[in-house]
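Going down the list, the sequences are from chains D and X.
Under this note's numbering, the first sequence has 274 at position 274, and the numbering climbs by one with no breaks.
Under this note's numbering, the second sequence has 484 at position 484, and the numbering climbs by one with no breaks.
Since the hints were made in silico from the structure, they are not lab data.
Among the clues, some could well be false.
Any copy will do: because identical chains look the same in the list, a pair fits if it lies in one copy or spans two.
[What the hints assert, rightly or not] Capping the alpha-carbon separation at 25 Å, the derived lysine to aspartate or glutamate pairs in DMTMM-like fashion look like this:
# : residue 1 : residue 2
1 : K150      : E184
2 : K150      : D192
3 : K122      : D195
4 : K208      : E236
5 : K153      : E184
6 : K302      : E170
7 : K588      : E183
8 : K208      : E278
9 : K153      : E183
2 protein chains.
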Amino acid sequence: LVEHVLRFQPHGKKATPRPGASLLELAIEAGVSIESVCGGTGKCGKCRVTVAHGSSFLSAIGEGERSLLGDVSDGSRLACMTRVLSCGDIVIHIPEESRRGHHRLLAAGEERKVKLKPALTKAVLALPEATLQDVRADEDRLMDALSDQKGLKARMANAVYPDLPKGLREQNWTVTATVYRDEEIIRIEPGDTADRLHAVAVDIGTTKVVAYLLDLNTGKVLDSESMPNPQIPYGEDVMSRITYSSREQGGLENLQSVILEGLNSLISSLCEGAGMEEADILEVLVVGNTAMHHLFFGIPAKHLATAPYAPVVRSSMTVNAEDLRVRAYPSAKVSALPNIAGFVGADAVSDLLASGLYRDSGFGMMIDIGTNTEIIAGNKDRLMSCSCASGPAFEGAHIRHGMRASSGAIERVWIDPSTRDVRYRTVDDSAARGICGSGIVDAVAEMFKAGIVDHAGKLRTDGSDARVRKAENGSAEFVLAEASESANGKDITVAQHDVEEIQLAKAAIFTGVSVLMGKFGVSGDEITTLYAAGAFGTYVDAGSAIAIGMYPDIPTPRIKFIGNAAGAGARMALKSVSMRSLAERLSKKVEYVELAAEPNFQKEFAKAMFLPHRDRERFPSAMRKE
Amino acid sequence: LVEHVLRFQPHGKKATPRPGASLLELAIEAGVSIESVCGGTGKCGKCRVTVAHGSSFLSAIGEGERSLLGDVSDGSRLACMTRVLSCGDIVIHIPEESRRGHHRLLAAGEERKVKLKPALTKAVLALPEATLQDVRADEDRLMDALSDQKGLKARMANAVYPDLPKGLREQNWTVTATVYRDEEIIRIEPGDTADRLHAVAVDIGTTKVVAYLLDLNTGKVLDSESMPNPQIPYGEDVMSRITYSSREQGGLENLQSVILEGLNSLISSLCEGAGMEEADILEVLVVGNTAMHHLFFGIPAKHLATAPYAPVVRSSMTVNAEDLRVRAYPSAKVSALPNIAGFVGADAVSDLLASGLYRDSGFGMMIDIGTNTEIIAGNKDRLMSCSCASGPAFEGAHIRHGMRASSGAIERVWIDPSTRDVRYRTVDDSAARGICGSGIVDAVAEMFKAGIVDHAGKLRTDGSDARVRKAENGSAEFVLAEASESANGKDITVAQHDVEEIQLAKAAIFTGVSVLMGKFGVSGDEITTLYAAGAFGTYVDAGSAIAIGMYPDIPTPRIKFIGNAAGAGARMALKSVSMRSLAERLSKKVEYVELAAEPNFQKEFAKAMFLPHRDRERFPSAMRKE
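Turn these sequences into a full structure, and let the hints steer you where they fit.
Listed below in structure tokens is the structure:
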């Protein structure tokens, strides 16, 4: 008797292909989590898989399935609709976006492979002993050995001199020199310490700070730690912090010192966890938006907030840890990747590194959605960037039942277009407490597709839907989760005002997308890859983002989720000096487009307020579904 | 009637040539001070002048005069022995060493002319205003202007960034950038401040610290200030300070912080005097011996004190003022000239710059006498250096009636070889209080020439001289000034022990001289120039220094007094970057000879203990006079 096997890739988990069972059921049995919101009714389209082998043992594709999937030439199927017909070996591939929980893994950011060549190297040197016949200065003795034994000519960091005489003599003239970029000796240790080479990459987000501890000998991430940005009490968003820093006496110094304290506590945690001293950290590389960057280095950010929004610094800054009071080896270097413009910062450059967009031969677009959304478009030949004031709606702010993507937040919504049945999924599958960014985008998209809101974003109050009602303030609202299902026993609703907030936010983003496409003379379907960066970009459903007209209308497989690309790019830059040179070159190469200075900005914005757009022909897939 | 004129050069002062009067008398009448110790009796030989014009109106040269002067082909005469015979125009040149008081002028050090090209330049730039059409970063805007308008590519000092946005905008986008070595912008000021460019040169001597305020736009020294080295309470000499710094807890930090405080107070005085802010000081250049250098920068000096005496740092150090807590503009550079060896420091390199020895085509020798005496010998092709432990005798230490060269110190001594009459001169011509270094060298030289001490340095106690007597401790002493003449009513004497101290000191120096001559295969009369540097080297009488065998036996006109050459070299280096590059090259080029490692060191030293030397033929002029 032959035992047939159904294998789910890339996990490699197996199930027995039981005739009559759906792939979704068999996946659940095998412990493989596949996305699904509609409850396996073939309607939400989230459980897309591809059949790599054994399609003849599976049920044929149906009408509804095909229309949800679009192009099925790659073997695409909906897992819930595909059933085993007969026994045989089957291999099913689950694409990334259909894997449940992949979002959380992605949050750390996807690094591209880089050749390990960090800025730091450790040179172990055996020096000739000082004698009356050889009375060279300690410095010259070391430099000569570095040159003779390693072919390196470097200068000495001033802070190293005091340690030099002891360092040279303590282990019988064997010494390890830590060399930065082959040009500066930043540390001298007695004996051979080549096996210890550690650095920290830091992503300073406006709301969250993440630090990664790297072993630069292996390139491995040993650990990561995160915390809310400790500047939040001084202002939720970038603008209010800039205002605080420039208007309040000592404001800049305060903001700098709290972020430094925050970073220092992350470094301490990482070191404690790894059983290391903070002085073992020999380099720190930081990314963040231009305002976070300036505040971190104590550079006035005032002019970022007023036209023409010129940053003070573009190029890669490098400061000694002790000068900045960063808890690392005193002459460790604390660097930042370069900025592009006042609102396209080092984090966007880092996104660019992680995406690989800069070497695309087609036409790519990287979108990192936040309160400010940075967009970089182009390819290996030319790159343009812009910044869109998309606001905090995607973080749940200004949304009546909005919340961050924490436990109980509605993160997925599906509305059956015919029955208008509502299904949703919450973070951690706990009772609903509110709606997070991806949930509200899903909700608006599904409400639009189901005809609950119209092209202009108005809730249809004609009584056609029982869930649409008048709120206490007199405006319309849509009941997403009923009181009986929610954690606090109250209805969770999407208000007319919430839809408008989402319209404003998505219009801001699409205007940027549209202006850049216009500059390149490229239309939506010419976009070969859309790199969705950042936590929200990872969590938001690509189809919903297109449905509301936030992303251009391209086939969803062309959308690549790169997660916290800012952190990933920072780690890549720590691991590879050539990534840093590239970052410096890119920060100059990327042309900045100031949207406010674009003559057709207002008109574009107004048209983008519609769902999905005033010019419906720019969203053919949305038209198809209406 | 024709009025004839006697003119004294280089002063240009005039007298009427009165027949019968000596040139010395006429000089005094004209207010020109000429050296004289023997009271115009033609015996001390200090009043040498040259007759540039009108020798036919002067008395003929006598026997005694000629034998004191040696070579007279240049028109040399003794001013006291030369009388006006008949009326006519006469021009007399007074060489430097015969000018009374020239020593004090020389103390500031003689600078050689250098082309004014300081490390600092100020670039006044008119920047295009930031607009929505030109949103370059402030940094890029400045760098582009610096490149377009001045052809300079520089990096920005990190400390400048915080001042950048205000600096650019305050004077309508006109800005002055202070650029260090054409490579780093260390300051940004609004408007045009090109007329203000100030720096401070500092000579950190073991006993005295001198600071000079320079206007780098003109190269002029605006003012100077000095103070005793504030480290003296922690040890009179270099060795005791090194011991303190390495044995006492926090000793290095203490010594560093007192010298920094000292320097800061000198800078404050200079700035106050010039009506400037300390933040107007944009560069500080420091010289000192290797120990002073290391202690200043907080570098352990411990290994300087034990064989093989290797310094930690040779090359030119440069530190930001704020890192060192030097009271100047925070990103001002504080640099030191390079060291050569553990006991041949930046001060010797500075001496070398000031002397010009490095470009001699003959064979030169620079001697800077102190507790440690540095000697550099050679010429444009090759240079060698050594350090001699000459001890503090020349500073009056370990000498019974020794004192510093302050008011009342016997600084010149002359003993009539036939009558054994003693004459002396004191600082400020006040009543004698003791003997300073130049006085004790004169005394020993004159006592030797008069036969009061013998070849071995023994005082002749055979009763042949009434001034030689038994001291209370039983050993012999020579009464230099009698109780009736002295300030405290007690005899001022030269003890047998004092002579021995001088023998030890001069032997240490001559051993260095001799070893270096041996290395080059050069004999005494091949020395074309002997550069006498430092205060003592300036004050000490060259003839006496040769008579006791401290200097090699060369014609005294070949001895060039360069005064505080360390300070002069520091000022030259501040004014000229090419002097600094030269210093760096020289510090590597000068070969260091460790005397302790020389096989014939002890023998050489023992022979040099004699007056003038065991091998008398090395001092033919002394033999002539015996």
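We went through each hint and held it up to the structure:
no. : hint         : result
1   : K150 to E184 : within (14 Å within a copy, 29 Å between copies)
2   : K150 to D192 : within (15 Å within a copy, 48 Å between copies)
3   : K122 to D195 : within (9 Å within a copy, 47 Å between copies)
4   : K208 to E236 : within (11 Å within a copy, 59 Å between copies)
5   : K153 to E184 : both (9 Å within a copy, 21 Å between copies)
6   : K302 to E170 : between (50 Å within a copy, 14 Å between copies)
7   : K588 to E183 : both (24 Å within a copy, 21 Å between copies)
8   : K208 to E278 : within (22 Å within a copy, 42 Å between copies)
9   : K153 to E183 : both (7 Å within a copy, 19 Å between copies)
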